Amino acid sequence: MADFYNPKEVEEKFYKIWEDRGYFEIDGNLDILEEDKKFCIMMPPPNVTGVLHIGHALTFTLQDIMTRYKRMDGYKVLWQPGLDHAGIATQNVVEKQLLASGVTKEQIGRDEFLKKTWEWKEKSGGTIVHQMRRLGITPAWSRERFTMDAGLKNAVRKAFVNLYNKGLIVRGNYMVNWCTHDGALSDVEVEHKANKGKLYHIKYPIVDSDKFIIVATTRPETYFGDTAVMVNPDDERYKNLIGKSVELPLLNRKIKIIADSHVDMDFGTGVVKVTPAHDTNDYEVGKRHNLEFITIFDEEGILNEHCGEFQGLERLEAREKIINELESKGFVEKIEDYENQVGYCYRCKNVVEPYISKQWFVKADIANEAIQNVNDGGAKFYPSHWINSFNAWMRELKDWCISRQLWWGHQIPVFYCECGHEWADENEKPLKCPKCGGNKFTQDPDVLDTWFSSGLWPISTLGWGNGDALKNEKWFDGDLSEFYPNTMLITGFDILFFWVARMMFQCNNAVGELPFKDIYLHALVKDKDGKKMSKSSGNVIDPLTKIDEYSADILRFTLTLLCVQGRDIRLSEEKMVLVRNFTNKLYNASKFLLLNADKFPDFDENSIKTELGRYMLSRFKSCVNSLRSNLDAYRFNDAANDIYKFLWDKFCDWGIELSKANKSAIIELGSIFKESMKLLSPFMPFISEYLYHELSGTNLENSTSIMVMKYPKSSSIDEEIVAKFELIIEAIISIRRAKATIEQGNAKISKAFIRINKNLNINQYLNFIKLLAKCEDIELTDKIVPNSVRDVSENLESFIPLSGVDTTAIIARLNSQKTKLEKEIAKLENMLNNEKFVANAPQAVLSANREGLATAKDKFEKVVSELKVLGG
1005 MADFYNPKEV EEKFYKIWED RGYFEIDGNL DILEEDKKFC IMMPPPNVTG VLHIGHALTF
1065 TLQDIMTRYK RMDGYKVLWQ PGLDHAGIAT QNVVEKQLLA SGVTKEQIGR DEFLKKTWEW
1125 KEKSGGTIVH QMRRLGITPA WSRERFTMDA GLKNAVRKAF VNLYNKGLIV RGNYMVNWCT
1185 HDGALSDVEV EHKANKGKLY HIKYPIVDSD KFIIVATTRP ETYFGDTAVM VNPDDERYKN
1245 LIGKSVELPL LNRKIKIIAD SHVDMDFGTG VVKVTPAHDT NDYEVGKRHN LEFITIFDEE
1305 GILNEHCGEF QGLERLEARE KIINELESKG FVEKIEDYEN QVGYCYRCKN VVEPYISKQW
1365 FVKADIANEA IQNVNDGGAK FYPSHWINSF NAWMRELKDW CISRQLWWGH QIPVFYCECG
1425 HEWADENEKP LKCPKCGGNK FTQDPDVLDT WFSSGLWPIS TLGWGNGDAL KNEKWFDGDL
1485 SEFYPNTMLI TGFDILFFWV ARMMFQCNNA VGELPFKDIY LHALVKDKDG KKMSKSSGNV
1545 IDPLTKIDEY SADILRFTLT LLCVQGRDIR LSEEKMVLVR NFTNKLYNAS KFLLLNADKF
1605 PDFDENSIKT ELGRYMLSRF KSCVNSLRSN LDAYRFNDAA NDIYKFLWDK FCDWGIELSK
1665 ANKSAIIELG SIFKESMKLL SPFMPFISEY LYHELSGTNL ENSTSIMVMK YPKSSSIDEE
1725 IVAKFELIIE AIISIRRAKA TIEQGNAKIS KAFIRINKNL NINQYLNFIK LLAKCEDIEL
1785 TDKIVPNSVR DVSENLESFI PLSGVDTTAI IARLNSQKTK LEKEIAKLEN MLNNEKFVAN
1845 APQAVLSANR EGLATAKDKF EKVVSELKVL GG
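Positions in the sequence shown are counted from 1; adding 1004 to them yields our numbering.
Think of the hints as simulated: they come from the structure by calculation, not from any bench.
Model, not experiment: these values are computed from the prediction.
Check each hint, because a few of them may be wrong.
The list that follows gives simulated cross-link-like pairs (lysine-lysine, DSS-like), each with its CA atoms no further than 25 Å apart [unchecked claim]:
#	residue 1	residue 2
1	Lys1717	Lys1613
2	Lys1625	Lys1717
3	Lys1667	Lys1649
4	Lys1787	Lys1872
5	Lys1589	Lys1664
6	Lys1778	Lys1752
7	Lys1333	Lys1260
8	Lys1755	Lys1872
9	Lys1333	Lys1258
10	Lys1353	Lys1530
11	Lys1215	Lys1243
Throw the hints in and build the complete structure from the sequences for me.
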């Protein structure tokens, strides 16, 4: 073996071999398949415009761990990969490219624009798929799907028509979230952020009076759409004004003063403007009071004829000009700084407006059955508390706006005939109107929200609704019955409502069953200080950079070690270095083993005869049992810790160390270490594969990969041999500590005594203690040995006689330490007993001094104890 492991030489070569051999496919583990064991998991389809980020790296790593584990455990495994067409994001990319060449999409038309979008997708889209391979993940790439492929288009139309005919999809004028760039958005596509803005206090003159009332607003440009002002009916300040009218400044349009308990008397002046067409709350007020709905700007945010001299201005750009004009005419009472929450488009970051528009909606009733099925135990959340969030959101679900004013996407399959008939059709191009038989009809120009198609992902990718689009694919038949419902889902908690909930109610509605049994929601990956990563903060961690710097294995294992259920992950260089040290430890352990043998046999429990081999076998079995239990419960960090502790602490630190006193056990240890590479394989697939073949005297090019070998099974443990060797290790550590007390840590001593408080006979193992504790003789005793250094641990005491040991220098050193500690203790006690100091010192200083005093006292007691033993 080379002096160091070089992952760059291994990763690309191994991955190509795995993929070329078809190991990632559902029959890739054919030789170890067990009947009726199936596992299916869906890859959250990343955007076709996307690149691999650290959140993806975590999701795909955890999915790959489960996929590899189940594949090795004899399951027929399908990990379904694919990409989302990302309607808004993709259209923005192509539009920008056109604009850069001086052309708009309107100039080239819809068909040509879609042609160019497909060209971009084939050429540049899907970069992330190539990046995923760098992580070593193993989805069934031959089955990769795209939410705009022919089969999925058919599925989307089928789902739409089904819901349309049930009355669960309707069209109407609703107030929606409107982005003047990207059109209608659903509630979860709006990002609310704190905004430092202004609160404008505007004077509205009272009709037939020289008085006015003051209205406070953060959006003064919307006052052109006011159709009432409103006060609380219990507000004594304004009761006498209810029913009267005010005149809108600059417009001379009169509107009524109405009363509604919706008004917060403590906000602003207690008087609010009512703009039913441009405010979500006012929309409901307008309906309750039968007010006029006046739309004051168009779909691009340009003010219209209702805005007088400001017609033609963009709504936000007009704000300052409107206020300047109001101020010049004396209509502004004051302007205050004000912080509020403002909604932004999740894609283009444009300020979102409440806007009345004719759109298509999925009615909230669609979720009722899914909610019931989840709460009846049809699906289980990990961590379990997420069911509370799911229920809270789903039970308050509003009708979902699914139409988007885009060209890229699934065009809404609704057709309008000149005879007046409207219908939804599964056929992409119907031949005639089902009512009149004519062919003069048009299709709705809008496309569906991207989440509508991705909400069908667990069934559409398995063939549901695909029609004849995939009839030539050999894997197409039977997938739905074989792999639905999916076994589990792994994704970030932040898309619980974007994607997870929608899959649950869409798939449940389509096939009558929830799409997955287990839902694991992982937390966010943050920086070492717990801060969310962002480009503006400069703390973004690029997974590809870390793979280049460390390795795919190290990034995967670091993320997994840190992935505690329900907690954010704090990723740091220190953690990555720790795992790199682990890989070095494994590599050096293999080198040590190969110094003692050319190769090692495959694992056979019955061939392990030595006491040390039996002990390490039981520690290995213990690891297998715990690791399997943790993986089955999706406790990924605990499972990673199981294999980490076994390989580092038990095998590398003690197994190899103990083998120096029992060379005959090394062959057995080598076979156990080889078998442990199978345990490690789902977590660190590259180095585990490499070391397995190095220890076998083979190479992957001409032998089977461990990724399609049987995963180690749970089994019983030899508790007696474990107890004996744990006692041996405890004795070695105890004697080493006692030797360090008399500064004999690395020296060989003539004799040590051990007093055991457990009923275990370890006489036959004393050679291990002698060699590793560097003692010429070990004697077991049941008494305290006088005139000796004593170390007490949990199950035993060790004694090193002081006869013949010159302790003069040791006593002098300890007395010097004692004097220094006495001074330190006196100094800290004087400070902490000084009332003036305690009253004025910062809390952090006081805490540090108290902690320092406790530490100094603890050290002092230890020094005194050591001096007592040495007679000093």
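Under the criterion that the straight-line Cα-Cα distance not exceed 25 Å, is the pair Lys1667, Lys1649 satisfied? holds (23 Å)
Can you confirm whether the C-alpha distance between Lys1778 and Lys1752 stays at or below 25 Å? Holds - the C-alpha atoms of Lys1752 and Lys1778 are around 5 Å apart, at most 25 Å.
Lys1333 and Lys1260: Cα distance at most 25 Å? Measuring from Cα to Cα gives roughly 22 Å; hence the hint holds.
When you check the alpha-carbon spacing of Lys1589 and Lys1664, does it fall within 25 Å? holds (17 Å)
Are the Cα positions of Lys1215 and Lys1243 separated by 25 Å at most? holds (15 Å)
Starting from Lys1333, check that the Cα of Lys1258 is at most 25 Å away, please. The hint holds at about 18 Å.
Holds or violated: Lys1717 to Lys1613, with C-alpha atoms at most 25 Å apart: With Cα atoms ~20 Å apart, Lys1717 and Lys1613 stay inside 25 Å; holds.
25 Å limit on alpha-carbon distance, applied to hinted pair Lys1353 and Lys1530: Distance ~22 Å between Lys1353 and Lys1530 Cα, so the pair holds.
Within a Cα-Cα threshold of 25 Å, do Lys1625 and Lys1717 meet the stated pairing? Answer holds: Lys1625 to Lys1717 is near 8 Å, not above 25 Å.
Next pair to validate is Lys1755 with Lys1872; report whether the Cα-Cα distance is within 25 Å. The given pair, whose Cα atoms are some 21 Å apart, holds under the 25 Å limit.
Please work out if Lys1787 and Lys1872 have their alpha carbons no farther apart than 25 Å. Holds - the C-alpha atoms of Lys1872 and Lys1787 are around 19 Å apart, at most 25 Å.
Comparing the model with each earlier hint shows no violations; every hint is respected.
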